[in-house]
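Based on the sequences and whatever the hints tell you, model everything.
What follows is the residue order along each chain.
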Amino acid sequence: MGKILTRMGDGSRVEMTAAEIQQDLEAAAQDAAERANVPSLTDDEIKYLLDLYKCKDRVVGVEEGKECCLTYDNMTSKIKRAHIPISKIQQLLLFERGLGADTLELAHIDYSFKQCKHVVQYEKPNMEQAVLQTIAPIFYGSMPNLGLYSVPDGPVANPGDMLPLGKIEESKEAFEQMAEYAIKDMVYVGSELYEKAGADGINFDTTAAAGDAEFYAALKAAEILHDKYPDMGIEMGMSGEFILGLHSEIEYNGVRLAGLYPQDQVKLAEQAGVTIFGPAINIGTNESLPWNLARSIVFTKACSEAAEIPIHANLGMGVGGVPLTLTPPLDALSRASKAHVELCRLDGL
Amino acid sequence: MGGIRTAGDLVARLQLNRGMRIDAAKKYVAEKLGVSVLDLSDTVVMSEVREELDIGRVNETPAVAKGIDAKFRIAELLDLAINCVNMFKERVGIRAYQSFD
Amino acid sequence: MSEKIFKEAIEAILKGDTDKATDVAKRGLDEGLNPIELMDKGFIQGINQVGDLFETGRLFLPQLVYSAMAMEKATEIINAAIPEEKALVTGKVVVGTVEGDVHDIGKTIVVSLFKANGFEVLDIGRDVPVERFIDQAEKFGAHIIGSSTLLTTTMAMQKQLEQELKKAGLREKYKTIVGGAPVTQRWADRIGADAYAQDAGDGVKKVKLLLTA
Amino acid sequence: MRAAGDLVARMQMTRGMRIQEAKAYVADRLSIAVSELTDPVIMTEVREDLQIGALTPLPECAKGIEAKFRIADVLGIDINCVQRFKTKTTHQFRR
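Chains as they are written, first to last, in the numbering used here: chain A, 17 to 365; chain H, 1269 to 1369; chain D, 7 to 219; chain E, 390 to 484.
These are computed hints drawn from the structure, not numbers from a lab.
Keep in mind it's a predicted model, so treat the numbers as computed, not measured.
Check each hint, because a few of them may be wrong.
The calculated lysine to aspartate or glutamate pairs, modelled on EDC-like cross-linking and capped at a C-alpha distance of 20 Å, are [as the list claims (entries may be wrong)]:
#: 1; chain 1: A; residue 1: 82; chain 2: H; residue 2: 1310
#: 2; chain 1: A; residue 1: 70; chain 2: A; residue 2: 358
#: 3; chain 1: A; residue 1: 183; chain 2: D; residue 2: 23
Quick look at the structure:
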């Protein structure tokens, strides 16, 4: 059999034999299973993935009946980012009516709760207008972005400056202070957009990018919002396969957050009142897409099996088996989407 | 799933506001709409269903519900509180939740 | 006997115990162990294990910093005992996050691991203009310039660094290494950087290769 | 513009080339393989390097008419609006 055309994690084209692809699939699945202490892929699942790469169709899709929901983060920046001058409302309508999006998301171009706080009184009329004109459920979305609460962008001393000096306790305190500021902003923005402007829910995007203290802040904010508004939809999208322990000891409901893999992350999200959870598995650019996809499937499947709430895996630039490129190739994106949905019993992407 | 081209927005609502997994959410919506689960992702079937139920569709025809108007009906149909619908009712003085028979 | 010392050295690094690492390094040398062997089979094994545990989420940043500090001390003691011609691979590296980008947690991890591996590191911080990279490399007598960026919008600064080095006639004087979430080997190749590091551990390997090339 | 579709289309439109011929022409002018014309990863980089317009342009990337000036150059063709722009601006300068 001839070689199979696929890609590396950086998007470059590569030709591999079926045996090489199988080897990558098996090695990656095993590696992920050992890291997260979860089951590896079965022989049937490996065969499924191998067949997916053998298939020469440029674009593939899920089987009839396995369709799932498609949510987008930072929706009102996506089209603008392509330098198409278009208003937020127009973008939402374009996604809803033109592109068939299942959910909508209003967002500020600087996608951080801290920055949204300053413009919340301008975002509320946008949401009020959007809910009158659209039909699909609508989030207000943003990132916790804990780094913005430390110097030079915020009031707290920067742990990045203290750690190299061995000031460990001081850095932990700084992370805790940053988390408190972030919780306040997330609850404030979430409350304003939900209670006063009519959003269906809030999306915490790229959660825990700044480590365990950021995960704590997002969980706590979700918990407070859920207590205030039991019907509020809360989506939490993650940023990496395990929680980076930058603080290292911070806990939520008695569970240490550092080092948690998706199957444990989702359980805490459920406790906090999150209604949709999005695991995010980053790509290794030096490995093949089969390697990356198998790895992402192992983590995501374990998460989906552990979950009671819907799982919307993150798939896009550099996550979920999609290459780290500004323009994700459809051959890669459609294969990653199909495999995640069908093998992980996903609720959405 | 296809958003308002199909029943994607309705299924997403159950996931978002009730935390339902995909199969449960689809089953719930299909029952409420009186269609099969497979029909939910069928643009042809759903276009007709949405028009008949007046819950908004992509290609609008005159007098078909749009925006908040459609969401009033969606809330009723799915037996699901929709935040902006409730807010709208309060603002314009419609007090009862199921109020527009 | 030596096996026991190697094991103790590994433990000292894993625990991030500077006092113990100092003691083990001195004791090992006093007992006549070959310093390079003590480094390779003891301390370096320890820091490699720390790197692996960090990479899989089983050891966290504060512990990594303690381990790096212990390693730095042990390296200092052992380096002093190695005849100059047999000295371990070492070099001076300037590391910073490019202008427009204030993300520096990843860079902090890189700096810790670089120091732990015996490189002399000058951390020039975040939001660093291209001219400052060059200026600081010149003053520090660096062999390598490492730049980090987390944003797609600031990647262009790494390209600019290459161009400015060429303009200043300094491109051949330094090796350059690039890293950060959106950065890839393809990017490094496109802009003409000498190496790309996927993460801090990979950075250590690549810097060693650059220094011996 | 995710790939090289607009460039190939230009050759069909302005020179009446069939698809294979148009692809071969564009690939040759861009010094890449025909198979790369539809690869968004390669083409994003090529378009950026040649400054012929990118889908999500980074700062200083050519946009609009500026990109088309360069496309005309790269493909060795005249583009109507570019010609008109040149005529108009040249005229203005002369005045």
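Checklist entry - Holds or violated: residue 82 of chain A with residue 1310 of chain H, Cα cutoff 20 Å? => result holds, 12 Å
Checklist entry - Taking 20 Å as the top limit, are the C-alpha atoms of residue 70 of chain A and residue 358 of chain A close enough? => result holds, 17 Å
Checklist entry - residue 183 of chain A and residue 23 of chain D: Cα distance at most 20 Å? => result holds, 15 Å
Violation of the numbered hints given earlier is absent; every hint is satisfied by the structure.
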